[in-house]
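Spelled out, the chains give:
There are 2 protein chains.
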Amino acid sequence: MTGWVRIAGLGPGNDSLVTPEVTEALAQATDVIGYIPYVARVAPRDGLTLHASDNRVELDRSRHALDLATQGRRVVVVSSGDPGVFAMAAAVFEAVEAGPASWRQLDITVLPGITAMLAAAARAGAPLGHDFCAINLSDNLKPWSLIAKRLRLAAEGDFAMAFYNPRSKSRPEGFEKTLDLLRSTCGRDRLILFARAVSTPEERLTVTTLGDATPGMADMRTVVIVGSSRTRLVENSRNLIVYTPRSTPE
Amino acid sequence: MTGWVRIAGLGPGNDSLVTPEVTEALAQATDVIGYIPYVARVAPRDGLTLHASDNRVELDRSRHALDLATQGRRVVVVSSGDPGVFAMAAAVFEAVEAGPASWRQLDITVLPGITAMLAAAARAGAPLGHDFCAINLSDNLKPWSLIAKRLRLAAEGDFAMAFYNPRSKSRPEGFEKTLDLLRSTCGRDRLILFARAVSTPEERLTVTTLGDATPGMADMRTVVIVGSSRTRLVENSRNLIVYTPRSTPE
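If you read the sequences in order, they're chains A and B. Using our numbering, the letters of the first sequence map in sequence onto residues 1 to 250. Using our numbering, the letters of the second sequence map in sequence onto residues 1001 to 1250.
None of these hints come from the bench; they were simulated from the model. Any given hint might turn out to be false.
Partner residues are not named here, just some residues of chain B that face chain A (Cβ under 7 Å, in silico) [said to hold, decoys possible]:
| # | residue |
| --- | --- |
| 1 | A1119 |
| 2 | A1122 |
| 3 | W1144 |
In silico DMTMM-like pairs for lysine to aspartate or glutamate, Cα to Cα no more than 25 Å straight-line [said to hold, decoys possible]:
| # | chain 1 | residue 1 | chain 2 | residue 2 |
| --- | --- | --- | --- | --- |
| 4 | B | K1169 | B | E1203 |
| 5 | B | K1142 | A | D212 |
| 6 | B | K1169 | A | D212 |
| 7 | B | K1177 | A | E250 |
| 8 | B | K1142 | B | D1158 |
| 9 | B | K1149 | A | D212 |
| 10 | B | K1149 | B | D1212 |
| 11 | B | K1142 | A | D60 |
| 12 | A | K149 | B | E1156 |
| 13 | B | K1149 | B | E1176 |
| 14 | B | K1142 | A | E173 |
| 15 | A | K149 | B | D1189 |
| 16 | A | K177 | B | D1212 |
| 17 | A | K169 | B | E1250 |
| 18 | B | K1149 | A | E250 |
| 19 | B | K1177 | A | E156 |
| 20 | A | K177 | A | D158 |
| 21 | B | K1149 | A | D189 |
| 22 | A | K142 | B | E1156 |
| 23 | A | K142 | B | E1250 |
| 24 | B | K1149 | B | D1189 |
| 25 | A | K149 | A | D60 |
| 26 | A | K177 | A | D189 |
| 27 | A | K177 | B | E1250 |
| 28 | A | K142 | B | D1189 |
| 29 | A | K149 | B | E1176 |
| 30 | A | K142 | B | D1158 |
| 31 | A | K149 | B | D1158 |
| 32 | B | K1177 | B | E1156 |
| 33 | A | K177 | B | D1158 |
| 34 | A | K142 | A | E173 |
| 35 | B | K1142 | A | D15 |
| 36 | A | K169 | A | D15 |
| 37 | B | K1177 | A | D158 |
| 38 | B | K1149 | A | D158 |
These numbers come from a predicted model, not from an experiment. Note that the Cβ used here is the ideal one computed from N, Cα and C, for glycine as well.
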């Protein structure tokens, strides 16, 4: 048996957002590896071993997957959303680069998925319908000064912004600093969207302004989208519509 | 019959990247509306009317969809990739905002898809594995000065960047100016990826440096990804690996 690694995106939560390509990879796998809640989304079956691990062990998990593939196993590393956006793909390639030469011979493929910011944007309308930035607000792996610099530049460029990992128990103050910085650069009237657990039974959408936003509106399962100066809220009796027009006047 | 509009993303080209949610909407539709090559991806069947239109008529197409839904039709507006990223979702909401009050009562939903930059990133490894910007290089709907400003700020922030619509027959010089600007701000050694028609038989990936990149490497079916200063190319006998590490040192 020839081993391989597929780094697969399960989308934001609902099975109707999992691509057929990912479903097929899971059907062929001998092993599934990932963070506990993501592995829990894969149905057990004969011949499939599920390896669930805790958060913050991405490199260990990657090495485990690469080791198993070297032994001829067919391994799917599962991420929520898209594996290439603040998820497992970069971790696996970090492990490959630092690992034994044999890992560079392996068949490793990334299978894209619906990432959280695009699932959230779809629910709200089209807030990312024009130029935008995606920023990971976690300061686990980069200094806060770099996050603050990128926020300032994104605001100066009038990009819409999507934030991953806005807030965790271990660093409750970071998101408060983010909101303060954005209020001073974008103004209090700028639209902000909090999208929690989109496409799951726990889904909750909140649209407000930077002036009225509070840190408690975000948790670990929330993606946050801040509009550009052009982003608009359209009153509608049926659906929430927050969108950024395609054009910017001269 | 109660009409509705679903603005659906068909992904980058291969049917294995179309979500079950989109497939189900197409199965329920009475009408499919979109740009000719996207409508061509929908299989004809009894009871389904296909309305294919040319490029650059996004608002007409949106009004047509909203009109049909008002008459009780079930209308899917198809986009390639994700409809919320430089595609039809913003156009439909522009039409709703400017249109008759009855359009605001309509059931309108956006169904996300795999957008071109994430399909391209997956093929290459994980070049968007850290903070990044998505910029539409077309100056049809915004001034070049704004594009140039955003490119400079994104480079200053050391974001990776994904470019949509890098080059068209009507404005061949814009992408050359983009490459010149990036060479002067990011240096000639910065990695750049040209990903054409990912997941289709015409797929072609080219990885090079800004110093060696030429405008002719992009066309209308190409998405371009420029790495951050941290983006790396790993030599590998099996797969192309271009990735951006998750961490940035202090």
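The hints, checked one at a time:
Interface restraint check for A1119/B: the shortest CB-CB distance to chain A comes to about 5 Å, inside 7 Å, so the restraint holds. Residue-level restraint check for A1122/B holds (minimum Cβ-Cβ distance to chain A is 4 Å; threshold 7 Å). Taking 7 Å as the C-beta contact cut-off toward chain A, the hint placing W1144/B at the interface is violated, the least distance being around 10 Å. Among the hinted pairs, K1169/B with E1203/B is consistent with the structure: their alpha-carbon atoms are about 20 Å apart, no more than 25 Å.
Our distance criterion of 25 Å between C-alpha atoms is broken by K1142/B and D212/A, whose separation comes to about 31 Å. Simply put, K1169/B and D212/A have alpha-carbon atoms about 46 Å apart, too far for the 25 Å limit, and the pair is violated. At roughly 19 Å between alpha-carbon atoms, K1177/B and E250/A fall within 25 Å of each other, so this suggested pair holds. Taking the CA atoms of K1142/B and D1158/B, the gap is near 23 Å; set against the 25 Å cutoff, the hint holds.
Proposed proximity of K1149/B and D212/A is contradicted: the alpha carbons are some 30 Å apart, above 25 Å. Annotation: proposed proximity of K1149/B to D1212/B holds, straight-line Cα distance about 23 Å (limit 25 Å). For the suggested pair K1142/B and D60/A, the alpha carbons sit about 46 Å apart, so the restraint of at most 25 Å is broken. For the hint linking K149/A to E1156/B, the alpha-carbon distance of about 9 Å falls within 25 Å, and the restraint holds.
Only pairs whose Cα atoms come within 25 Å are accepted, and K1149/B paired with E1176/B is accepted, the gap being roughly 16 Å. A distance of roughly 37 Å separates the Cα atoms of K1142/B and E173/A; the hinted pair therefore is violated under the 25 Å criterion. Of the supplied pair hints, the one linking K149/A and D1189/B holds, its CA atoms being roughly 24 Å apart against a limit of 25 Å. A C-alpha spacing of about 41 Å is found between K177/A and D1212/B, which places the hinted pair above 25 Å, so the restraint is violated.
For a cut-off of 25 Å, the pair hint linking K169/A to E1250/B stands: about 23 Å separates their Cα positions. Between the alpha carbons of K1149/B and E250/A the distance comes to roughly 13 Å, so the proposed pair stays at or under 25 Å and holds. Taking the CA atoms of K1177/B and E156/A, the gap is near 21 Å; set against the 25 Å cutoff, the hint holds. At most 25 Å may separate the alpha-carbon atoms for a hinted pair to count; K177/A and D158/A meet this at roughly 19 Å.
For the hint pairing K1149/B with D189/A, the CA-to-CA distance comes to about 24 Å; that is within 25 Å, so the pair holds. Restraint check for K142/A and E1156/B: satisfied, since their Cα atoms lie roughly 17 Å apart, inside the 25 Å limit. Proposed proximity of K142/A and E1250/B is supported: the alpha carbons are some 7 Å apart, at most 25 Å. Distance check on the hinted pair: K1149/B and D1189/B sit about 22 Å apart at the alpha-carbon level, within 25 Å; holds.
For the given pair, K149/A sits about 31 Å from D60/A by alpha-carbon distance, which is inconsistent with the 25 Å threshold. With a C-alpha separation of about 18 Å, the suggested pair K177/A and D189/A falls inside the 25 Å cut-off, and the hint holds. Note on K177/A and E1250/B: the hinted pairing holds, with a Cα-Cα distance of about 19 Å set against a maximum of 25 Å. For the suggested pair K142/A and D1189/B, the alpha carbons sit about 23 Å apart, so the restraint of at most 25 Å is met.
The hinted pair formed by K149/A and E1176/B fails the criterion: a straight-line CA distance of about 28 Å is larger than 25 Å. For the given pair, K142/A sits about 13 Å from D1158/B by alpha-carbon distance, which is consistent with the 25 Å threshold. The hinted pair formed by K149/A and D1158/B meets the criterion: a straight-line CA distance of about 10 Å does not exceed 25 Å. Between the alpha carbons of K1177/B and E1156/B the distance comes to roughly 17 Å, so the proposed pair stays at or under 25 Å and holds.
At most 25 Å may separate the alpha-carbon atoms for a hinted pair to count; K177/A and D1158/B meet this at roughly 21 Å. Distance hint between K142/A and E173/A is fulfilled; the C-alpha atoms sit about 16 Å from each other, no more than 25 Å. Restraint check for K1142/B and D15/A: the C-alpha separation of about 38 Å exceeds 25 Å, so the hint is violated. Of the supplied pair hints, the one linking K169/A and D15/A is violated, its CA atoms being roughly 28 Å apart against a limit of 25 Å.
Taking the CA atoms of K1177/B and D158/A, the gap is near 21 Å; set against the 25 Å cutoff, the hint holds. Distance restraint check for K1149/B and D158/A: the Cα-Cα separation of roughly 10 Å lies within the 25 Å cut-off, and the hinted pair is therefore satisfied.
Checked against the numbered hints listed earlier, the structure breaks hints 3, 5, 6, 9, 11, 14, 16, 25, 29, 35, 36; every other hint is satisfied.
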